[in-house]
Every structure is written in C-alpha cells, then in structure tokens.
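Q: Protein chains in written order, with full-length UniProt numbering: chain A, 1 to 208; chain B, 1 to 208; chain C, 1 to 208.
Certain hints may be false.
Unchecked claim - Within a straight-line C-alpha distance of at most 25 Å, the following computed SDA-like cross-link-like pairs (lysine to any residue) qualify:
(1) A/146 <-> C/91
(2) C/146 <-> B/75
(3) A/202 <-> C/83
(4) A/88 <-> A/172
(5) A/202 <-> C/139
(6) C/202 <-> B/84
(7) A/202 <-> C/202
(8) C/202 <-> B/87
(9) B/146 <-> C/88
(10) B/88 <-> B/196
Everything labelled a hint here was simulated from the structure, so no lab data went into it.
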Amino acid sequence: MGITLTLDYASVLVFALTGALAASRAQLDIVGFIFFACLTAVGGGTLRDLLLDRDPVFWIADATPLAVAMAAAVVVFFTAHLMESRLKWLIWLDAGAFAIAVAAGVAVAREAGVSTGVVLVMGVATGTFGGLMRDVVANEVPLVLKQGELYVTAAFAGAAASLLGARFLSPEAAWPTVICIFVTFGLRAGSLLFGWSLPVYKGRPPRA
Amino acid sequence: MGITLTLDYASVLVFALTGALAASRAQLDIVGFIFFACLTAVGGGTLRDLLLDRDPVFWIADATPLAVAMAAAVVVFFTAHLMESRLKWLIWLDAGAFAIAVAAGVAVAREAGVSTGVVLVMGVATGTFGGLMRDVVANEVPLVLKQGELYVTAAFAGAAASLLGARFLSPEAAWPTVICIFVTFGLRAGSLLFGWSLPVYKGRPPRA
Amino acid sequence: MGITLTLDYASVLVFALTGALAASRAQLDIVGFIFFACLTAVGGGTLRDLLLDRDPVFWIADATPLAVAMAAAVVVFFTAHLMESRLKWLIWLDAGAFAIAVAAGVAVAREAGVSTGVVLVMGVATGTFGGLMRDVVANEVPLVLKQGELYVTAAFAGAAASLLGARFLSPEAAWPTVICIFVTFGLRAGSLLFGWSLPVYKGRPPRA
Chain A
1 MGITLTLDYA SVLVFALTGA LAASRAQLDI VGFIFFACLT AVGGGTLRDL
51 LLDRDPVFWI ADATPLAVAM AAAVVVFFTA HLMESRLKWL IWLDAGAFAI
101 AVAAGVAVAR EAGVSTGVVL VMGVATGTFG GLMRDVVANE VPLVLKQGEL
151 YVTAAFAGAA ASLLGARFLS PEAAWPTVIC IFVTFGLRAG SLLFGWSLPV
201 YKGRPPRA
Chain B
1 MGITLTLDYA SVLVFALTGA LAASRAQLDI VGFIFFACLT AVGGGTLRDL
51 LLDRDPVFWI ADATPLAVAM AAAVVVFFTA HLMESRLKWL IWLDAGAFAI
101 AVAAGVAVAR EAGVSTGVVL VMGVATGTFG GLMRDVVANE VPLVLKQGEL
151 YVTAAFAGAA ASLLGARFLS PEAAWPTVIC IFVTFGLRAG SLLFGWSLPV
201 YKGRPPRA
Chain C
1 MGITLTLDYA SVLVFALTGA LAASRAQLDI VGFIFFACLT AVGGGTLRDL
51 LLDRDPVFWI ADATPLAVAM AAAVVVFFTA HLMESRLKWL IWLDAGAFAI
101 AVAAGVAVAR EAGVSTGVVL VMGVATGTFG GLMRDVVANE VPLVLKQGEL
151 YVTAAFAGAA ASLLGARFLS PEAAWPTVIC IFVTFGLRAG SLLFGWSLPV
201 YKGRPPRA
C-alpha cells in the first residue's frame with residue numbers, strides 16, 4: 001500500500017508539472033494551468049482505477065493528489081518563463097512521470113491479482129493515458145505518435161521487466177518498482193538522447 | 001434527489017442543443033445530430049457517475065434524458081438555418097448548460113459525501129467534460145483553450161461559491177444550486193460580453 | 001453468454017486490424033501498432049462494460065482479447081505493405097468490426113436488462129467508440145464526421161432492427177445478432193459503394 005501510494009503521488013506531481021507546461025504553451029490563465037495539471041496528473045490512475053473497479057478512485061478517497069497538482073500548477077505559472085525551453089522541460093518531465101506511472105499501474109494491477117497480460121496493459125495504460133489526454137485536449141501531437149521515439153515501447157518493456165523481476169528476484173513491491181522505473185525511463189531517455197528506436201513501418205506511399 | 005434530477009435534465013436539454021449545433025457546423029445528417037446531442041448532453045454527468053461509482057449511471061437508470069437529447073437534436077436539425085449565427089447560439093447555450101451542469105456536479109458530489117476538494121473537481125468535471133468531448137470529436141478548438149476567456153475559472157468559482165453558500169447560508173440543496181448557477185453563468189457571460197478575464201501566461205517565445 | 005463472447009472476440013480481431021492500419025498510416029513501430037490495435041479493439045466494449053458496471057471488464061476477466069489484438073497488430077506490421085490501399089482496407093474492415101461490435105453492444109445490454117433506449121445507445125456506443133478513440137488519438141478525421149456517409153445511422157438502424165427482431169421473431173440471441181450485423185454492415189456498405197445517405201444539414205453560411 002505504502003509503495004503504490006508513494007508512486008501515485010510522485011507521478012501526480014511530475015505529470016502535473018507537464019500539464020501546467022502544456023497550459024503555458026497554450027497561454028492559459030492560472031485556472032487553466034490547474035485544469036491541465038489535474039487532468040494530466042490523475043488521468044492515467046483514474047482510468048486504471050475505473051478499469052479495475054477500485055472504489056473509490058485514488059484521488060476521491062483522499063484529495064491530497066489534487067492539492068499537489070494544484071500547487072505544481074501555481075508554481076509553474078510563476079516560474080515557467082525562467083525556463084530556457086519549456087518544450088524540452090515538458091518532454092523530460094513527462095519521461096519521468098511516465099516511468100513512475102507505469103510502475104504505479106503495474107503495482108496496483110499486481111495487488112489486484114489480475115493476469116500477467118492485464119498487468120502489462122495496466123502499466124502501459126496508466127503511464128500513457130494522462131499525457132494522452134493532455135495532448136489531445138491541448139491540441140498537441142500526442143507523444144505516442146512521435147515517429148522514431150520509444151514511448152509505448154519503453155512502458156511495455158518496463159512493465160515486462162518489472163514482472164520478470166517480481167518472478168526471479170523478489171515478489172515484494174520494491175524491486176519490481178525500481179526495475180520498472182529504471183527500464184522505462186532508461187529506454188525513453190536513450191531514445192531522446194541517442195535516438196534509440198525500433199524500426200518503424202514504411203509503406204510505399206506513406207499516407208495513401 | 002428532486003433537485004439533482006431537475007438539474008441533470010436541464011443541463012441535458014441545453015447541452016444537447018449545443019451538440020446539435022456542433023453537428024450542424026459539421027454538416028451531418030439527422031442521426032449525426034442525435035449522436036452529438038447525446039454525447040454532449042450526458043458526457044459530463046456520465047463521467048461524474050463513473051467516478052463516484054453511482055450505479056447505475058443516471059441515463060441508464062432512466063432513459064428520459066436520451067429522449068430529451070434526441071428531441072432537441074431533431075428540433076435543431078429543422079430550425080438551425082433560422083439562426084443568425086449558429087456559433088453565437090452555441091457559445092451562449094453552452095454557457096447556460098455549463099452553469100447548470102456545474103451545479104449538478106456539485107449537488108451530486110455533496111450528496112455522495114466526498115471531501116470539499118473533490119466536490120469542486122466534480123463540479124468542474126461535470127460542467128466541462130460534455131462540451132470537451134463535443135469539441136474534441138467535432139474537431140473544434142475546445143472552449144477550455146480559448147485565451148482570455150473565463151471558462152474553467154467560472155466553473156471553479158461557481159462551485160466554490162456554492163460550497164460557501166452551503167456552509168454560511170443554508171446546506172439545503174436550493175441555495176447552493178442557485179448561487180452556483182448565478183456565479184458560473186455570470187462570470188462566463190461577463191467574459192463573453194465585457195472581456196472579463198484573468199491574466200494569461202505569457203512566455204517570451206509563445207510556443208517554443 | 002457464448003454468443004456475446006464470440007461477438008466480442010470477432011470485433012476485437014477486426015478492430016485490431018483497423019487500429020494497426022491506422023498505426024501504419026502514422027508510421028509507428030511494432031509496439032505502436034500493438035498499442036493502437038488494443039486501443040481500438042477493446043475501446044468500445046470497455047466503455048460499455050464501465051457504463052453497465054460489468055465487473056470485471058471483459059478483457060480483464062480473460063486476457064485472450066489482448067493476445068488476439070496483439071497478434072493482429074504483428075501480422076499487419078509485416079503485411080500491410082502488400083495491400084493496394086491501406087485506407088480502403090481500413091475503412092472496409094472498420095465497417096465489419098463496427099457491425100459486429102454494435103451487435104455485441106446490443107446483446108450485452110439486453111442481457112443486462114436495461115430499457116430499450118439504453119440498449120440502442122449501448123449498441124451505437126460499443127460500435128463507434130473504439131474507432132473514435134483510434135481516430136482521435138491518431139489525428140485522423142473521425143469517421144462519424146464524414147459527410148454524406150451512413151455511420152452512426154447504420155449502427156442505430158442495426159440496433160433498432162435487432163430489437164424488432166427480438167420482439168417479433170425470437171428473443172434468443174442468435175436472430176437479433178444476425179439481423180443487427182446484416183443491417184448495420186449492409187447500410188454502411190451501401191453507403192460506401194453506392195453513396196446511400198441521409199440528407200445532411202445545410203445552413204446558409206456553412207461554418208459561420
């Protein structure tokens with residue numbers, strides 16, 4: 001319980017920062033910052049909790065995550081102009097939040113006792129859904145569509161590594177979580193820094 | 001119970017009109033009008049009911065809201081050409097539906113006995129989500145992204161005023177509801193008519 | 001029970017193919033194909049199960065649909081370049097998956113014992129939502145917005161015909177299902193091949 005809550009809070013904080021940065025790119029007012037921070041911060045975990053029928057949803061049980069997201073939004077509203085490139089910050093913070101959220105999804109799904117395939121999907125869904133909603137609502141190109149970048153792939157690999165760790169190292173929550181964050185963030189960072197990628201599909205006429 | 005149902009019906013009716021107007025802007029057929037009317041009309045309340053685990057969702061318990069939305073769609077299909085500016089009607093009807101839906105979200109959340117922060121979020125989510133789905137699916141710029149307009153801010157202020165009213169005036173459902181609609185619609189209308197707004201974020205390079 | 005499961009599997013398979021084709025149009029890597037295949041394949045049924053509070057959601061109870069969607073994505077990744085026009089395949093496969101999914105939605109809603117209006121809406125929602133999520137996330141124009149094509153209309157007619165069949169022919173699951181698929185796919189195919197359509201709304205200034 002302790003670990004999944006900690007993960008939820010950490011991903012809420014970092015995703016909220018990315019939501020607020022997306023709001024800054026859309027030049028919204030401070031309540032718009034709070035809106036996007038909350039949407040991004042709790043989007044993935046909310047989907048996970050609805051799908052697993054966890055009642056109540058984590059931020060309804062305890063509204064602290066909303067307060068965290070709100071505080072993050074206010075901080076970004078007054079400091080974003082200090083950043084060299086807001087897009088770069090957004091992408092790197094998203095990578096961190098993403099890695100943590102995948103681990104949170106995996107941890108909660110394992111606790112819920114669902115099958116292995118579903119644990120993988122919950123990891124990926126929890127990691128990607130908040131950022132996806134942020135990008136769709138903010139009219140940005142969703143990160144899942146970026147060609148030649150590892151994104152869903154990183155989440156998938158991290159969730160899979162986490163399951164292997166749980167089986168072969170220790171089923172306790174700490175190891176699988178550390179491995180998941182390490183692998184997901186590592187692959188995403190390698191993709192951003194060194195262009196690591198999987199071959200993409202290339203049809204003859206690209207979009208016919 | 002009486003008041004929340006009445007609010008749900010009223011917001012369904014007015015949101016359905018805005019959904020049908022969005023369909024008219026996309027030049028769909030009459031079933032497309034019905035689709036957008038239903039999507040917009042029940043979107044926010046459905047999200048609220050799923051999040052609060054209200055079972056069944058309000059329009060599954062009683063399908064009358066769907067019939068109301070359908071009737072509204074048919075009426076708009078045959079009368080929209082009479083309007084001077086459909087966009088203007090859409091925006092003003094949206095403002096009304098929005099104010100009512102925020103009040104409905106607050107009322108239901110208060111009945112469910114969740115914490116104050118969650119009541120605020122439910123108000124905002126119920127108010128914005130239907131219109132957000134309408135705009136995302138119809139490929140329009142979501143109203144939440146309109147710069148220099150009060151939208152989420154109006155919902156937030158209305159929900160907060162409603163909670164203050166419940167504490168200091170009377171906890172009965174009528175007062176908080178009236179206050180919420182008045183504040184939300186008033187701020188939104190003031191924003192549309194007189195350009196009331198909060199300062200927006202201005203970075204140096206607007207979208208770098 | 002047997003029939004709704006079969007329908008869920010069939011629509012998962014065919015929708016997964018359309019999701020993978022959308023991924024090919026966006027030139028993603030193989031995990032991107034799997035992501036879009038799963039999103040499209042289980043989107044509509046997931047919404048239906050959440051709304052009807054079916055616990056657990058069909059692909060959480062048994063992860064086979066996810067394996068089916070994944071396999072479909074891998075097959076498309078290695079064979080899509082063989083197709084003459086991927087867009088044409090996408091549209092026709094979507095028509096098939098769509099017809100099956102409407103029938104699945106109607107069957108599950110009838111089993112759940114909800115009212116007639118809600119059965120209709122569940123049919124339409126189950127049929128359209130997976131493709132809608134695919135198109136919104138992939139930045140394609142949603143099929144529901146295509147002017148002069150029967151889409152939601154076909155789903156609506158199929159669901160209605162299915163209910164009539166259940167009342168006047170036989171309430172057993174097979175007849176209503178066959179009728180629903182036949183009518184939905186027939187109308188959609190007629191629209192694609194022969195331009196069948198309902199009159200669309202025409203305002204004076206098309207988008208003012």
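Q: Each hint should be assessed against the structure and marked as holding or not.
A: The hints, checked one at a time:
Between residue 146 of chain A and residue 91 of chain C the alpha-carbon distance is near 24 Å, which keeps this suggested pair within the 25 Å criterion. Distance hint between residue 146 of chain C and residue 75 of chain B is fulfilled; the C-alpha atoms sit about 22 Å from each other, no more than 25 Å. Between residue 202 of chain A and residue 83 of chain C, the direct Cα distance comes to roughly 13 Å. Compliance with the 25 Å bound is thereby established for this hinted pair. A threshold of 25 Å between alpha carbons decides the hint, and for residue 88 of chain A with residue 172 of chain A the separation of about 35 Å lies outside it, so the pair is violated.
Simply put, residue 202 of chain A and residue 139 of chain C have alpha-carbon atoms about 18 Å apart, close enough for the 25 Å limit, and the pair holds. With a C-alpha separation of about 14 Å, the suggested pairing of residue 202 of chain C with residue 84 of chain B holds against the 25 Å cut-off. Taking the CA atoms of residue 202 of chain A and residue 202 of chain C, the gap is near 40 Å; set against the 25 Å cutoff, the hint is violated. Distance hint between residue 202 of chain C and residue 87 of chain B is fulfilled; the C-alpha atoms sit about 15 Å from each other, no more than 25 Å.
Using a Cα cut-off of 25 Å, the hinted pair residue 146 of chain B and residue 88 of chain C is violated, with the two alpha carbons roughly 37 Å apart. Annotation: proposed proximity of residue 88 of chain B to residue 196 of chain B holds, straight-line Cα distance about 18 Å (limit 25 Å).
The earlier numbered hints that this structure contradicts are 4, 7, 9.
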